[in-house]
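Input sequences plus hints: build the corresponding full structure.
Counting from 1, one number per residue, gives the positions in the sequence shown under my numbering.
Honestly, the hints are just simulated from the structure, not real lab data. Be aware that a few hints might be false.
Calculated cross-link-like contacts (lysine-lysine; reagent style BS3-like; alpha-carbon spacing at most 30 Å) [what the hints assert, rightly or not]: (1) LYS251 to LYS217; (2) LYS568 to LYS553; (3) LYS412 to LYS482; (4) LYS567 to LYS553; (5) LYS553 to LYS468; (6) LYS412 to LYS475; (7) LYS64 to LYS499.
This one's a predicted model, so the numbers in the text were calculated from it and none came from an experiment.
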Amino acid sequence: MVDSCSLLHQTYLQIHSRFPPSLHAPVISKSHQDEMARGFLVTLDSLLSLLVSFRPFVEVVLSKTPDLPPELYFPQCRLLLSVMDTLPCQPQDVQTIWNTGSQFPKEIPRMTLLSALFHSLQQCSGELSLPVLSPGMMETEQDKSTFYHYVCIHLCAFITTFSVSHFHLLECSLLETILGSNTITALLAMDAWCFLARFETADLCAHHTFIIAHLLKVCPAESYQATLLGVLLRRLLFLMTAEHQVKFADKFPPKDTENLQLWQHLSLQALTPLLRPQVAREIFVVGFTQCQEWLNSGRSLDEFPQVNIAFSALLSVCQTSGETLEPKQRLALLGTLGQFVAVLHATEVSSLSHLQHGCCLIFRLLQLFIQMLEPQLLIQILALQTSLIQLNPSDHILILIAILDFLSSVGKTFIVPDFQGQILPELCSLFATLLANNNWIIQQHAIEVFTQFAEETSHEDILPQCLKSEEIKSKVVIFLSKTVAIEEPAEAQAERMKKENALLSSSHLGETTEERQSDLILEPSPKRICYSPSEVQYTSAIDSAERTLEVLKQLLQKGPPPIWLAKKLDTLQVTLSNLRKTIS
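Spelled out as structure tokens, the structure:
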């Protein structure tokens, strides 16, 4: 029997791989699927109930080196979920074997049941969005229930059966998954954690929220772990009692600058009506002050990441509790944002990622104040956006999405006649460029934004000028008519999703556990090269100069230059020669 465990495991997986939503399942009619499911899957579940208490079988299923081919990871998920359904009826010692993993060097290395499930799910992200086939489910239910939904329900049901002695393993597994590099399994772990917060006591929910908050504060602000922990904390805050929310605000007071890193991730809508205005005011004062201090000081680019945190916190306040701001506070913030637009140069922004992130936040804040923008400030904003698009910065997709988000609100404003000649052509140029973008995400978003602009604007005469080609016109018309795209054949969909699975899996497997853990190390390696501040400034200046020359080159290709340009270039040549002599 011991020698047959591996064969039984493989047989179980092979049979399950022939059923949807496995991407490797043959395309057959639903009636045949149901008939085969009743004949095979029910029998397999009966066999599993006999094997679940057999330790050699456990060691095979939970092996730390499963070495499974791609087509068997989805069946492995189904197997592990079936074990979760069966395990609560088993004796405590059997549950311990599955839930604890290997404990001693002499044991055959094995993962915990939860770790094995999350590991397998990382390899079959495509199947998670497909309808699941399960014995006993009605056809209408199958159409509505995706495999992700199916996994989430079974995982949450399993969590309710966890013994107190194994509870710490549950917490560790969920946290490890959230801090991992796979977004889909991280979201699944968050869903399970939020269910746990609702299912268990309010005190446990508060305890978890405080732990996540402390972890978030020590994470590097721009790491993906901070983003994921921020999403979880945002959700948990909604589940806290009013009393615990007050304690949270006392423990992490918004009036302390160091806590902005925490509050930037949170929605103030989660707070009680009594607590929300107080927190909003404190965040606004601290964030606004930090922005003003940067503008009034030496404007060091090294300090700009802290300004980004202030922007992010202010954005959270304006989006989720904007009604608590007084008119003079709105005007003051708008004035400060205008100063940033004036001092940020496109060449610098395009070469530094934290400036690009800052620009995205500024555009989103300005979007909220679109009705209050003076024409001169709108001209500056559009000019900066045009320059950024021309320079094609490294994080260009994020920049373009932020620009499109801003443009989505411009249709609500009426441009006075005195400024229409400066603003409307700039708007046409921006829309034309973004609609012609080769990235499908940007193009689709641009079509949506342009449609919204067309519906809201009172300047309809400029709309044809935004559509530069028949192809773009056709795409906009199709979007407006809500024409349904041709349905993808099942075989083609399966092949496409197999390639996506392989790509995502290779990306995930290419990053080892040690590398993921190193992302959380707060102290730099002693051997890491540390560049001096002056070297960073030199690099930034040279990069900016190169990008400026590239823009100049593009302008020369578009048409004849002004008369003064040749003389200006001669002056720059002399300056470059003098600089070269100083370093030779």
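To see whether the hints hold, each was checked on the structure:
| no. | hint | result |
| --- | --- | --- |
| 1 | LYS251 to LYS217 | holds, 13 Å |
| 2 | LYS568 to LYS553 | holds, 15 Å |
| 3 | LYS412 to LYS482 | holds, 24 Å |
| 4 | LYS567 to LYS553 | holds, 16 Å |
| 5 | LYS553 to LYS468 | holds, 23 Å |
| 6 | LYS412 to LYS475 | holds, 24 Å |
| 7 | LYS64 to LYS499 | holds, 25 Å |
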